[in-house]
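Protein sequence lines correspond, in order, to chains G and W.
Per the working numbering, the very first residue in the first sequence carries number 1; after that it's consecutive.
Per the working numbering, the very first residue in the second sequence carries number 304; after that it's consecutive.
Think of the hints as simulated: they come from the structure by calculation, not from any bench.
Hints are not guaranteed to be accurate.
Non-contacting residues of chain G with respect to chain W, defined by C-beta distances greater than 12 Å in every case (computed) [said to hold, decoys possible]:
| no. | residue |
| --- | --- |
| 1 | Glu33 |
| 2 | Ser72 |
| 3 | Glu75 |
| 4 | Ser254 |
Computed from the model, here is a short list of chain W residues facing chain G with C-beta under 10 Å [what the hints assert, rightly or not]:
| no. | residue |
| --- | --- |
| 5 | Leu342 |
| 6 | Ala344 |
| 7 | Pro443 |
| 8 | Trp481 |
| 9 | Glu482 |
| 10 | Ser489 |
| 11 | His499 |
| 12 | Tyr500 |
| 13 | Met536 |
Below are the DSSO-like pairs computed for lysine-lysine, each with C-alpha atoms no more than 30 Å apart in a straight line [claimed, not checked]:
| no. | chain 1 | residue 1 | chain 2 | residue 2 |
| --- | --- | --- | --- | --- |
| 14 | W | Lys391 | G | Lys211 |
| 15 | W | Lys335 | W | Lys449 |
| 16 | W | Lys447 | W | Lys427 |
| 17 | W | Lys391 | G | Lys141 |
| 18 | W | Lys309 | W | Lys449 |
| 19 | G | Lys211 | W | Lys399 |
| 20 | G | Lys172 | W | Lys528 |
| 21 | G | Lys134 | W | Lys391 |
Note that CB positions come from ideal geometry on N, CA and C, so glycine has one too.
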Amino acid sequence: MQEELAIRVEGICKSYKDTKALQDISLDIRNGEIFGLIGPDGAGKTSLFRILTTLTLPDEGHAEVNGNDVVSDYEAIRRTIGYMPGHFALYQDLSVAENLDFYATVFGTTVEANYDTIKEIYSQIEMFRDRKAKNLSGGMKQKLALCCALVHKPDVLFLDEPTTGVDAVSRKEFWTMLARIKASGVTIFVSTPYMDEAGLCDRIALIHEGKIIDRGTPAEIVSRYPDRLYSVRGDNMFRILNVLRPIDGVLRCSSFGCECHVAVPQDGPDATLLLAALENAGLHGCSVEETEPGIEDCFIRLS
Amino acid sequence: MDNGNKSVVIRNLVKKFGDFTAVDNISFEVAKGEIFGFLGANGAGKTTAMRILCGLSRPSSGEGTVAGYSINREQEKIKRHIGYMSQKFSLYPDLKVFENIELFGGIYGLTDKQIAKKTDDMLKALSMEKARDMFVRDMPLGWKQKLAFSIAMVHDPQIVFLDEPTGGVDPVTRRNFWEMIYKAASDGVTVFVTTHYMDEAEYCDRVSVMVDGRIEAIGSPASLKEQYGASDMDGVFTKIAGRAERE
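Next up, chain G with everything else stripped away, as it sits in the complex (with noise of 0.2 Å):
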């Protein structure tokens, strides 16, 4: 059992004067997957993955990473993880191609030797292999940063949020390239405040004030859910939610985009009475139907 786990932790705390960043966080991530740790800012995720990546030391708890301590063993875990902090650890005044050669280097390899493991992303930025780091986009700097993690050929991918501030077309396109990255063998331990991106993952941990409040594969924590959902559409959500919140046995009244849902135990407040609620305050023409939970519904109910 053991040999498949990439990354095991086990009971990590840790605290920063009176802030508790970690409580008591056990998790296993296997080999070769995508394992998301799913929460907003301050939940605790950069500070678990300083921990797993050998960069800060828990209060109390073991963790390791391919079957070494993140304590004693952390030269060898050093050697065979790639890390791509929240804020890339790019040179700016390098060009593309002496940040790789740079990374390379301090790997004890070179960047000819480890060509196909990052051939596909760099690729698409070879053509800029002159320009210095501070002269990319956005889009092109992730790109670099991603190549930099991987030029080692590591085991395990650690990615701190990733795709914080990248507008929705690009984020599709990052998660296109980790798949490809999965495929080709390497465990990726990634962090992100978007929920939506949970279904991109093959198992998730919902992290919120420094306790993982559920894990599983999206799957299992979508099929967890307790409640009765309703999606109701209308011209005014914020006066549906309004009318609806107050209504007895109505547990929770979130927006969702152009819907807004309604949880319910299983034997309240049916679509006919929601519907009926909102007529009475004069929103007309509204719908309310069954719906199922996502990720982000899940994490609202537990958070």
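Let chain G serve as the given structure and place chain W on it in line with the hints.
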């Protein structure tokens, strides 16, 4: 220009850096009290355009007014009459809540008496009376965000610019924030907002989508979805921004 019921009127706005055209002849209007979503891919020119609208940068060519003041000739007046908030910078963490209000109130030229009243009114509206003497750095993110938004409007501006106000924010706080935006708009404040969350684009009265320096599409979410045959704004955005030639 007669801009009676408009908070923003922009005509043929161009901004060049050397031979690079960051903003390529855009024209649009935002009505008073409207929630206007300013969308676009990274590098499409949103930030450059927004800097001009906020009086921080001069256009290479083009005309326009923001809150009734010329983007070419009255930049200082624009700065005094707009509100601005971003996720990256808004409040001073090492100052207390009331000190932040005092500081920004002072910057915008409010009298001590006005600041005292504003402080009371604001904290009451936010149910934060007890947080008056708290350091901003010790506040939960959701509180900080609400306070930052209120402080951006401490001088009762006609229009407030929100630059990715909800990036990285948890789902509940993000939604509470949008309810505040909606409240401000229903009180008549114009809200000009950028976001990468496409579900938030749905909450805007109208949105524009910038691609390669141009406004490629503009309209209500419903009309754009119909025009582009998409079921949601994510679909609309993917269809429009997916055609971008520059990053």
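>> Under the constraints set out in the numbered hints, which ones does this structure not fulfil?
In response: 4
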